[in-house]
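Q: Okay, here's what each chain looks like letter by letter:
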Amino acid sequence: MENRLKEEARKLLKEGKVDYIVGYGNGTVKFRTSPLITNKEEDIESLVINPFIANNLSRYPTEIKGKLGIVVKGCDSRSLVSLMQDNKVNRDDMVILGVPCEGVVDIKKLGEQIGADIDQAKEIDKEGDNLIVQMDGSKKTVPFRDVIFDKCFGCEYPTPLEYDILLGSEVSPRIEIEKSLKKIKEFEDTDAPERWRYWKEQFSKCIRCYACRNVCPACFCERCFVDVNIPQWITTYGSWQDNLVFQLIRTLHVAGRCSDCGECERSCPVGIPLRSLQRKMVEEVKGLFNHETGVDKDAFPVFTHYEATDPEEFIK
Amino acid sequence: MEETKWEPKVVGFLCHWCSYAGADLTGSARMEYPHNIRIIRVPCSGRIDPMFILRALQNGLDGVLVSGCHPGDCHYQSGNFHARRKFAVTRKLLEYVGIEPERVQFSWVAASEGPKMAQVVKEFVEGVRKVGPNRLFKDEIRDGE
Chain A
1 MENRLKEEAR KLLKEGKVDY IVGYGNGTVK FRTSPLITNK EEDIESLVIN
51 PFIANNLSRY PTEIKGKLGI VVKGCDSRSL VSLMQDNKVN RDDMVILGVP
101 CEGVVDIKKL GEQIGADIDQ AKEIDKEGDN LIVQMDGSKK TVPFRDVIFD
151 KCFGCEYPTP LEYDILLGSE VSPRIEIEKS LKKIKEFEDT DAPERWRYWK
201 EQFSKCIRCY ACRNVCPACF CERCFVDVNI PQWITTYGSW QDNLVFQLIR
251 TLHVAGRCSD CGECERSCPV GIPLRSLQRK MVEEVKGLFN HETGVDKDAF
301 PVFTHYEATD PEEFIK
Chain B
1 MEETKWEPKV VGFLCHWCSY AGADLTGSAR MEYPHNIRII RVPCSGRIDP
51 MFILRALQNG LDGVLVSGCH PGDCHYQSGN FHARRKFAVT RKLLEYVGIE
101 PERVQFSWVA ASEGPKMAQV VKEFVEGVRK VGPNRLFKDE IRDGE
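Protein chains in written order, with our numbering: chain A, 1 to 316; chain B, 1 to 145.
There may be inaccurate statements among the hints.
Unchecked claim - Mimicking DSS-like on lysine-lysine, the simulated pairs with C-alpha atoms at most 30 Å apart in a straight line are:
1. A:K179 with B:K138
2. A:K286 with B:K9
3. A:K297 with A:K11
4. A:K30 with A:K205
Stated by the list, open to error - Covered by chain B, according to a simulated footprint, are these stretches of chain A (three or more residues, beta-carbon under 8 Å):
5. 95-105
6. 272-284
As the list claims (entries may be wrong) - Now the in silico label distances, taken between C-beta atoms and shown as ranges:
7. B:Q77 with A:E188: 31 to 39 Å
8. B:A29 with A:T190: 39 to 47 Å
9. A:L161 with B:Q77: 50 to 58 Å
10. A:K88 with B:G27: 43 to 51 Å
11. B:R38 with A:S204: 26 to 34 Å
12. A:R91 with B:S78: 23 to 31 Å
13. B:P43 with A:E188: 52 to 60 Å
14. B:S112 with A:E307: 38 to 46 Å
15. B:Q77 with A:P311: 14 to 22 Å
Just so you know, these hints were derived from the structure itself, not from any lab. Every residue, glycine too, gets a C-beta built ideally from N, C-alpha and C.
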């Protein structure tokens, strides 16, 4: 898949079909990948595709001007389609290189499985359904399913829905919704004051770095409501009250646009389980309005549209 | 000092074209409804940002009532339809994070529905009274403070 990508990317740049290639390169820390955005042919050799490509690159088309050749996984492609629905990106300005995705490795989970910091691993290879971790003098085999992100268990669209070039063969969906929603269901079973206490505790940790906002493809407002100072909705210092209100409003802003890529939670430096909020909204929007993010390119964004038959049993 | 009895303090966001006129009718028909509500007039229920609701709760109000025209009656054709979608998810999210559902209520009240307005406010205030004062956004008071 990687070779195919390099070949296609090189061709696209050479033929001038795209101005930039947006893909994955190796990160500065071992086994982590970081976005690689380039217009130089010699950088193409650094492109990678491996089980660690976590970033959602559909963040970039709204920020980079020019034609892009962009590498997307299943969830990223839905973010991209959602941006098309909102008229934020133009389909003709992109050449989409689709990566059929078997799940992305959660570095934290992998560390727990091998019982060591993953920096100590020499090499990690995927062989069939297992991940072979070469350590100093030892070798560990970890089932791949045990180390992928929670979101990947519930992935209904592992193969990108929108692409120009598919870099591999299609992957069939692995639907284990229960496993993916386990955290949320457990949380829902606790009583209301307990739930409130939980979020209060979580958001007391928040340092308001806005990583969740900056990494989210659905957060495309030119001026975020937290940056508005007339009126100032949210104070700039981090009190848990303001942190929580900020995140709740952000959750509502991206509701119906969230493809459950899980980047908010992954990027959070203090480990707030943000996906529990976002994923909950994905479920609600699907249940209430039968809308799934980025599945249908021609569908209306969910909150710019309405039906006469929308649920209203809660309105008195 | 004699302890004063707690009374709920709630805000009502009423749309100018229906609910506000409805509340007006309630008054001019001399119907009584709880004085616990403070009414803010907005152009349309579609004007209500979920932010208003959260900020009201954050600033210590005990409840938020949002009221607009019946579906199909919107002065701006579709404002309340959009509002309806927005409120449906807002409600779910607030409940999910642990805010009592009684604190936030939505209703449709037309300009001619004076008695309904009184009824809605009465029921809403009673509901808020049951769940008690809003301490959600209060910091816990530490010993010695």
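Q: Quick one: which hint numbers does this structure break? Sort them smallest to largest.
A: 1, 2, 5, 9, 13, 14
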